[in-house]
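> One letter stands for each residue in the lines below.
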Amino acid sequence: MTASTDLTCKQLVELVTDYLEEKLPTAERERFEDHLAACDDCSVYVEQIQQTIRMTGAVTEESLSPEARDTLLRAFDDWNAGARSG
Amino acid sequence: MGQPLPNVAMSAPGGERVAFRAVEGEQQETAEAFFATPDDVRLLEALRRDDKEAFATLVDRHASAMLRVASTYVRSRAVAEEVVQDTWIAVLRGLTRFEGRASLKTWIFRILTNTAKTRAEREGRTVPFADVTLGPEDELSVSPERFLGGRSDRAGWWAAPLQRWPDDKPAEQLFARETRERISRAIEALPSVQRIVITLRDIEGWSAEEVCSALELSDGNQRLLLHRARSRVRHSLERYLEGSEELT
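Chains R and L, in that order, are what the protein sequence lines are.
54 is the number that my numbering gives to position 54 of the first sequence; each next residue is one higher, with no gaps.
All you need for my numbering is the position in the second sequence, starting with 1, plus 86.
No incorrect hints appear here.
Here chain R is said to cover these stretches of chain L; the calculated rule only asks that three of the stretch's residues, wherever they fall, bring their Cβ under 8 Å from a Cβ of chain R:
id : segment
1  : 136-150
2  : 235-244
3  : 262-276
Per the computed footprint, the stretches of chain R lying under chain L, defined by three or more beta-carbons under 8 Å from a beta-carbon of chain L, are:
id : segment
4  : 9-17
5  : 32-45
6  : 48-56
7  : 63-75
No lab work stands behind these hints, which were simulated from the structure alone.
Keep in mind that this is a model prediction, so the values were computed, not measured.
For glycine and all other residues, C-beta sits at the position ideal for the given N, C-alpha and C.
Make the full structure from the sequences, and use the hints.
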C-alpha cells in the first residue's frame with residue numbers, strides 16, 4: 001500500500017474522537033475518510049476504538065447499598081413531614 | 087448548611103424547552119427560558135405531591151453515575167455513598183428553589199460535585215476540577231514507536247500491522263466478564279478528570295452536552311478528555327486481548 005493520502009496514521013489516531021463525534025470540518029473529514037479507505041491498519045484502529053466504546057458500555061452499573069437507599073427513602077418521609085409542618 | 091445551589095441557564099439535553107410552573111409561595115416566573123425536560127417536570131410535580139415512588143425512581147436512576155462521580159473525589163466507597171446521600175438531602179431541601187433553568191439531572195450533578203469537593207477537601211484530597219487539568223499538551227493517543235520514523239514517504243504510518251480483535255458482540259459473553267474487569271481497572275487508573283468523562287459518556291451513556299453542563303467543561307475540553315481516556319483504555323485492551331500481558 002502506498003502513502004497516497006496527506007494524512008499520516010500518526011495524525012489520524014489523534015482525530016478519531018473528533019471524527020466519531022462528528023466534529024471534524026468537512027474537508028478534514030474527507031481527508032480522514034480518504035486515509036481510512038487506503039489504510040487497513042487505521043480501519044482496524046478505528047474499529048478497535050469503537051469496540052472499546054461498546055465494551056466500556058457493558059461495564060456493570062453500580063447501585064447504592066440497600067442501607068443507604070433505605071436511609072434516603074426515610075429522609076424523603078422526614079422532608080415531607082417537615083414541609084407539611086413548616 | 088449546604089452548598090450554594092447552582093443556578094445557570096443552559097440548554098437541556100434533548101433541547102426541549104418546557105415552561106416550568108412556579109412553585110407555590112415563590113414569585114411568578116419571569117419570561118426567561120426554562121430548560122427542565124418534560125420528564126423532569128413530571129418528576130418534580132410527583133415529588134411535590136409526596137410521591138415516594140417517584141423519589142425512589144430518581145434515586146435509582148442516578149445511583150450508578152452519582153456513585154462513580156463521587157468515587158473519583160473521595161477515598162472510599164463508604165464515603166462516596168455518604169456523598170450521594172448528602173446530595174439527595176440537599177436536592178430535597180433545594181427543590182422549591184429549583185427553577186428549571188437547567189435540566190434536573192444537571193442540577194443534581196452540580197450539587198453532587200459541590201458536595202464531593204467539600205468532602206474531598208476535608209479529607210485533604212486533591213480535587214479533580216480544582217483547575218481543569220487536561221494533562222500534558224503533547225499526550226499521544228498511541229506510542230510514537232508504533233509508527234515509522236525517518237524521512238521516507240511512509241513516515242508516520244504504522245510500523246507493524248494492527249491485529250483485529252475478537253468480536254465483542256453480545257453472543258461473545260464468555261470473554262466479556264474478564265474484559266469488563268480489565269476495562270474497569272484501566273478506567274480506575276486514568277487521571278481523575280478523564281475518568282469522570284469516560285464514565286459518564288461511555289458507561290452511563292450521557293451525551294456530550296450533558297457532560298459539559300454537569301461538569302462545567304467546554305465542548306472542546308470534554309472531547310479532548312474523552313479522546314485521551316478512550317485511547318488509554320484501547321491501549322490497555324490491546325495489551326490484554328493480544329496477550330502481551332498476563333491477566334493478574
